[in-house]
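Participant: Sequence:
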Amino acid sequence: MAAADVIVKSGDLEISFNDIGPSLSSAAQANATPQQDSPLEVWWKVWANRPEPGMPQSHVPGSMGSALELLETMRCFHSDDVRDRVFGLRGICDEGLDPIATLTRTGPLLRRTAYRGLQLLSQVGAKWPGRKMGSYHIPALAADYHKSDVQTYVDLTRFLIHRPPGDLDVLNLVDHNDSKPDGYPTWVPKWFEKRGSSVMHSYFRAGLVTGRSPCARVHDNPSKGSPKNPLQLSLDGFWVDNIESVSDVLSFEIGTQEANILLMEQTWSHFFSSSLAAPSGQQYRDSGPLDVAFCEALSAGGLPDAPPVGILPVSDPDNIVQQFVECRIDDGRQARAFLDRLGQARSDVEPVPPLYGDAAQFFAGVVKYANARRVFLTKHGRLGLGPKGSRAEDKVVVFFGAPLPFVVRKMQDHYQLVGQCYIVDSPVMAGEVAEQVYRNKMASETYNLR
2 MAAADVIVKS GDLEISFNDI GPSLSSAAQA NATPQQDSPL EVWWKVWANR PEPGMPQSHV
62 PGSMGSALEL LETMRCFHSD DVRDRVFGLR GICDEGLDPI ATLTRTGPLL RRTAYRGLQL
122 LSQVGAKWPG RKMGSYHIPA LAADYHKSDV QTYVDLTRFL IHRPPGDLDV LNLVDHNDSK
182 PDGYPTWVPK WFEKRGSSVM HSYFRAGLVT GRSPCARVHD NPSKGSPKNP LQLSLDGFWV
242 DNIESVSDVL SFEIGTQEAN ILLMEQTWSH FFSSSLAAPS GQQYRDSGPL DVAFCEALSA
302 GGLPDAPPVG ILPVSDPDNI VQQFVECRID DGRQARAFLD RLGQARSDVE PVPPLYGDAA
362 QFFAGVVKYA NARRVFLTKH GRLGLGPKGS RAEDKVVVFF GAPLPFVVRK MQDHYQLVGQ
422 CYIVDSPVMA GEVAEQVYRN KMASETYNLR
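Here the sequence shown is numbered in our numbering, starting from 2 and rising by one per residue.
In case anyone wonders, no lab produced these hints; they're calculated from the structure.
This structure is a prediction, so every number in the text was calculated from the model and none was measured.
The beta carbon of each residue, even a glycine, is placed where N, CA and C say it ideally should be.
Hints should not be assumed to be uniformly reliable.
Heads up, simulated DSS-like pairs for lysine-lysine below, C-alpha to C-alpha not over 27 Å straight-line [what the hints assert, rightly or not]:
#, residue 1, residue 2
1, Lys229, Lys411
2, Lys229, Lys195
3, Lys411, Lys191
4, Lys369, Lys442
5, Lys225, Lys191
6, Lys396, Lys380
7, Lys195, Lys396
Computed spacing ranges between beta-carbons, pair by pair [to be verified]:
#, residue 1, residue 2, range
8, Val9, His147, 55 to 63 Å
9, Gly344, Ser149, 55 to 63 Å
10, Arg451, Gly344, 42 to 50 Å
11, Val7, Asp85, 41 to 49 Å
12, Ser17, Gly382, 52 to 60 Å
13, Ser275, Ser149, 21 to 29 Å
Start from the sequences and build out the full structure, keeping to the hints where you can.
Facilitator: And the structure:
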């Protein structure tokens, strides 16, 4: 991609990369099933980040984005050695190309000052190589083939938690495709496996605390040296509820509206005896309509559009609160539009006529976020959307520093991380409960994940 003009060839066909670039996102949507990983997304990123006169460039020249973003985007890429996925980032990501600038954008003043000192030494070393000062690099990205693949991914995950602003966004990318033991801790994302479901990035604030940045409470995760238990991640958080019942794994297909709506109705019937298409007047635990709460769970709360990885900057909590309020679910408007349309269709004619407006937007969210996940009902009556590995007796917990809750599984002396989830509980999702727990008004707990 160093050339000014790039030609893409396939057999006897050829086209300018600058011409094919704008159509890549449309091509990615042409598949029959929701695509979680596709090389088209990476090539679109290359095209979007191309240097153009008058166009703003990344704060790190030559970078394609953060390590976390690239790791998730490139899940679909093949590598003979899974460690190369990590080591190859150094020349294309923010942290690899300019680690000091990346690590000093936020964080305590003392740490920023120390890193700026390293940056000065690096600049001096670049001008006078004989001084042997060299340049600072991030150990987790350094090519070290003496480390096992497990240790390589463990070190990288710990770095992504420790780096500023100290959030837990990396845990959102945990997606277990196989329950068989393979030596990897359950809290380490396996970026060499394709995702089964979309990541629920959001403006929710389940584990965020206003005025605290970072607010993640992580134990035994030193910036230098090795932790006492390298394969264990210890996080502070609080318990929300226990899962009582789970649906089958949901499988949606793009373009098959009738089949997808039927799957939604079957999922509703797994938990409730009434019909989703016929309003029953049943109330949810917050006194709102039960069918609207169910739809909210299916669409992960009507998630708004968000950056590919991460949430709003934790360094600006007031901005987070304001945008959270603005982007919060629409008081069930889209879900109500869908339910009204469904009730009309089921009473008048089959198959269901095409959905439009708010109903169509809601339905698109369901197909995106509920695919390859399970709906669950907790012992205290909370509805939620969780990973396909969720099962009865799993716990729903919130970790400080994470915008969404997680499903965890209690083992004899530790927990296993099943994955991120959404629950229909406004005080939890808005961070009101986290505020009380963080200020010691409610009990917290340390979760040892392995």
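Participant: Now tell me, hint by hint, if it's right for this structure.
Facilitator: Results for each hint:
For the hint pairing lysine 229 with lysine 411, the CA-to-CA distance comes to about 22 Å; that is within 27 Å, so the pair holds. Proposed proximity of lysine 229 and lysine 195 is contradicted: the alpha carbons are some 31 Å apart, above 27 Å. For the hint linking lysine 411 to lysine 191, the alpha-carbon distance of about 21 Å falls within 27 Å, and the restraint holds. Between lysine 369 and lysine 442 the CA atoms are separated by roughly 37 Å; this puts the pair beyond 27 Å, and the hint is violated.
Proposed proximity of lysine 225 and lysine 191 is supported: the alpha carbons are some 24 Å apart, at most 27 Å. Distance check on the hinted pair: lysine 396 and lysine 380 sit about 10 Å apart at the alpha-carbon level, within 27 Å; holds. The hinted pair formed by lysine 195 and lysine 396 meets the criterion: a straight-line CA distance of about 25 Å does not exceed 27 Å. One distance hint, 55 to 63 Å for the beta-carbon pair valine 9 and histidine 147, is violated here, with the actual separation near 39 Å.
Taking 55 to 63 Å as the suggested C-beta distance range, the pair glycine 344 and serine 149 conforms, at roughly 56 Å. With their beta carbons about 47 Å apart, arginine 451 and glycine 344 fall inside the hinted range of 42 to 50 Å. At about 24 Å, the CB distance of valine 7 to aspartate 85 disagrees with the hint of 41 to 49 Å. Serine 17 and glycine 382 have their C-beta atoms about 57 Å apart, which keeps the hinted 52 to 60 Å range intact.
In this structure the hint that serine 275 and serine 149 lie 21 to 29 Å apart at CB is violated, the actual value being about 53 Å.
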